[in-house]
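Engineer: As a plain string of letters, each chain reads:
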Amino acid sequence: AQTVTQSQPEMSVQEAETVTLSCTYDTSENNYYLFWYKQPPSRQMILVIRQEAYKQQNATENRFSVNFQKAAKSFSLKISDSQLGDTAMYFCAFMTRYGGSQGNLIFGKGTKLSVKP
Amino acid sequence: SAVISQKPSRDICQRGTSLTIQCQVDSQVTMMFWYRQQPGQSLTLIATANQGSEATYESGFVIDKFPISRPNLTFSTLTVSNMSPEDSSIYLCSVGRDGKLGNTIYFGEGSWLTVV
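The listed protein sequences correspond, in order, to chains E and G.
As numbered in this note's numbering, residues 1 to 117 make up the first sequence, in order.
As numbered in this note's numbering, residues 1001 to 1116 make up the second sequence, in order.
Be a bit skeptical, because a hint or two may be false.
Unchecked claim - In silico BS3-like cross-links for lysine-lysine, where the CA-CA straight-line distance does not exceed 30 Å:
hint, chain 1, residue 1, chain 2, residue 2
1, E, K112, G, K1007
2, E, K109, G, K1007
3, G, K1065, E, K109
Since the hints were derived computationally from the structure, they do not count as laboratory data.
Model, not experiment: these values are computed from the prediction.
Could you build all of it, start to finish, from the sequences and the hints given here?
Structural biologist: And the structure:
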């Protein structure tokens, strides 16, 4: 069974600084997707960034980028130029690419990020 | 992306009653899913809502407690039956969509239920 581990329950960063959130996962599959979702106090789950396992190039979306290390099964999220609006719970998630489990996201326990002015 | 609307957004329910949550998507999607997020916890998949057939439930979730309907490719409902305080959670509808980035899962705003 797949598992996702986020080892940092809480983190804080100063506004405009850079922060990295860690995520490791365990799977025997070769093709899969990895996601980072953001959940602000409004509780809505917002997609931050997505990575396909067969792509070696790390995904980037504006101030958000990932460091995907497939052999190490690591998928960290870097937030550059942190803004107050980045304060939220961040969840790392895994999904198989094929088969009946497609759409079954396996989530980590989350990292609560606080951006301080 | 996808526009996913859920109703109600929030409700306070009496123990022993049932509540139906609606999920409407802005366009046809093949895959629709229901997740539960208990207080302070991560998300857990309840079931996959299949159009034209019974929902597929994950381990620990049963149809009698969480009946699901999927009458067409843009709409689904989840009912939480015979509620107890342990059912107090956020219930989220999600859809799978193939975009330029490939298969991605998007979420609705969630329905925050408190059972008293």
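Engineer: Next, verify each hint and record whether it holds.
Structural biologist: Results of checking the hints against the structure:
Annotation: proposed proximity of E:K112 to G:K1007 holds, straight-line Cα distance about 27 Å (limit 30 Å). Annotation: proposed proximity of E:K109 to G:K1007 holds, straight-line Cα distance about 26 Å (limit 30 Å). Annotation: proposed proximity of G:K1065 to E:K109 holds, straight-line Cα distance about 25 Å (limit 30 Å).
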